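Asker: Residue strings, one per chain:
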Amino acid sequence: MSRARAAGVLLWACLALVAAVPARPVDVTPPLPSAQLQQRYVRLTHELRCMQCQSESLADSQVDLAADLRRQVHDLLLAGDSDDQIRDYMVARYGEFILFRPRMSWRNAWLWGAPVFMMLVGVLVAWRVLRSRSRLADVEDAGADDAAGLP
Amino acid sequence: MNRFLLPLAVFVLLLAVLLVGLRRAPDKSILPSPLIGKPAPQFTLPNLFDNTSPLQSDSLKGHWSLVNVWGTWCVECRAEHSVLLQIKQEARVPIIGIDWRDHDEDALSWLAQLGNPYQRVGTDHDGKVAIDWGVYGAPESFLIDPAGTVVYKHIGPLTMPVWQHEFLPRLSRPAGPGA
Chain F
1 MSRARAAGVL
11 LWACLALVAA
21 VPARPVDVTP
31 PLPSAQLQQR
41 YVRLTHELRC
51 MQCQSESLAD
61 SQVDLAADLR
71 RQVHDLLLAG
81 DSDDQIRDYM
91 VARYGEFILF
101 RPRMSWRNAW
111 LWGAPVFMML
121 VGVLVAWRVL
131 RSRSRLADVE
141 DAGADDAAGL
151 P
Chain B
1001 MNRFLLPLAV
1011 FVLLLAVLLV
1021 GLRRAPDKSI
1031 LPSPLIGKPA
1041 PQFTLPNLFD
1051 NTSPLQSDSL
1061 KGHWSLVNVW
1071 GTWCVECRAE
1081 HSVLLQIKQE
1091 ARVPIIGIDW
1101 RDHDEDALSW
1111 LAQLGNPYQR
1121 VGTDHDGKVA
1131 IDWGVYGAPE
1141 SFLIDPAGTV
1151 VYKHIGPLTM
1161 PVWQHEFLPR
1171 LSRPAGPGA
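Protein chains in written order, with our numbering: chain F, 1 to 151; chain B, 1001 to 1179.
Hints are computed from structural coordinates only; laboratory data are not their basis.
Since the model is a prediction, treat every value here as computed from it, not as a measurement.
Virtual Cβ for every residue (Gly too), placed ideally from N, Cα, C.
Do not take every clue at face value.
Computed far set for chain B versus chain F, every beta-carbon distance over 10 Å [as the list claims (entries may be wrong)]:
id	residue
1	ARG1024
2	THR1052
3	GLU1080
4	HIS1103
5	LEU1114
6	ASP1126
Computed spacing ranges between beta-carbons, pair by pair [unchecked claim]:
id	chain 1	residue 1	chain 2	residue 2	range
7	B	HIS1103	F	ASP83	32 to 38 Å
8	B	VAL1020	F	ALA13	52 to 58 Å
9	B	LEU1014	F	ALA126	15 to 21 Å
10	F	ASN108	B	THR1159	30 to 36 Å
11	F	ALA109	B	ARG1092	41 to 47 Å
12	B	ARG1003	F	GLU96	39 to 45 Å
If you only want the chain B side, here are some residues facing chain F, beta carbon under 8 Å, derived [what the hints assert, rightly or not]:
id	residue
13	ARG1101
14	GLY1127
15	ASP1132
16	GLY1137
Start from the sequences, fold in the hints, and give me the full structure.
Answerer: In structure tokens:
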């Protein structure tokens, strides 16, 4: 019993340790004065990339640069910039790559158009195949007796 | 046989496109700077060596300069340092340092210990100027022409081959936007 009990205590101790780890917040930027501003802050820091860690957003990253950029988003929001102005501010300095959701431009328009194009090709191919099949069926109907033995 | 030819051709083409894409996949840690071809960002920073005369972006005008963003916390900057000293020896361009998110005492002892390649050093304690320059990983080096335009940016430690192949050829071209 004592061994099982010791194991139980150990397990709980481990769980407590794990639970204690996320207690340290990543983002220490002071909150914005209004709920709307804070909401925009949260949204923007989630859709801007941390340039150093790249697959993390500004909101999730622990590196110093992300902290600086969060602070900058905070200050720009306080100064009354719109979301688009803040995105433009970041793009002007770091390039399109900082946006997790890339914007449509002439340079990447073909990428956006590719699914539509491929679907059109698919429809065209399907239409041609169906038409040739139905023609084949007509021919088969006409000569049903001859074709009876064919698979 | 003929009906398989077109799909096969399409498949081979797709394969080729994907293969080329894989091979030429750009290194994502090195991103093109949107600042190239644009005027260097304006700044005023405290001067590391003399706190009575700040370092201003206007001082970049009228001559070529190499702006180097570094910090004593940056491991690769130490590797780069000897290259900067060599570039200083060549005396082609003054090197202007931006000491990023650093402590002045650390920076001064670093330069006293390893030698000082910089003509002037501005201290960017809170990282605001680095944001304007789009810096995301020190060391970064910018080549600025006499009109104050950013001509080239190198991310990561400078090496002599990079200096010789990417920077020097641009230095000998005529200055100005679109050069």
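Asker: Using the nearest Cβ pair, does B:GLY1137 come within less than 8 Å of chain F?
Answerer: holds, 6 Å
Asker: Once the shortest beta carbon distance from B:ARG1101 to chain F is found, is it less than 8 Å?
Answerer: holds, 6 Å
Asker: Regarding the assertion that B:HIS1103 does not contact chain F, is the least Cβ-Cβ distance greater than 10 Å?
Answerer: holds, 13 Å
Asker: Is the Cβ of B:LEU1114 farther than 10 Å from every Cβ of chain F?
Answerer: holds, 23 Å
Asker: Could you let me know if the closest chain F CB is still more than 10 Å away from the CB of B:ARG1024?
Answerer: Fine: 17 Å to the nearest Cβ keeps B:ARG1024 off the interface.
Asker: Per the CB criterion, is B:GLY1127 less than 8 Å away from chain F?
Answerer: Check passed: Cβ of B:GLY1127 comes within 4 Å of chain F, closer than 8 Å.
Asker: If I claimed the Cβ atoms of B:LEU1014 and F:ALA126 lie 15 to 21 Å apart, would that claim hold in this structure?
Answerer: holds, 20 Å
Asker: Would B:ASP1126 pass as off the interface with chain F, using Cβ distances and a cut of 10 Å?
Answerer: violated, 7 Å
Asker: Range hint 39 to 45 Å: satisfied by the CB atoms of B:ARG1003 and F:GLU96?
Answerer: The hinted range 39 to 45 Å holds for B:ARG1003 and F:GLU96, with Cβ atoms some 43 Å apart.
Asker: Just to be sure I understand the hint, the distance between the Cβ atoms of F:ALA109 and B:ARG1092 should be within 41 to 47 Å; is that true here?
Answerer: Once the Cβ atoms are compared, 43 Å apart, the range 41 to 47 Å for B:ARG1092 and F:ALA109 holds.
Asker: Just double-check B:THR1052 for me: nearest Cβ-Cβ distance to chain F has to come out over 10 Å.
Answerer: holds, 27 Å
Asker: Confirm or reject the claim that B:VAL1020 and F:ALA13 have a C-beta distance inside 52 to 58 Å.
Answerer: For B:VAL1020 and F:ALA13 the Cβ distance comes to about 55 Å; the hint holds.
When the structure is compared with the earlier hints, a violation turns up for hint 6 alone.
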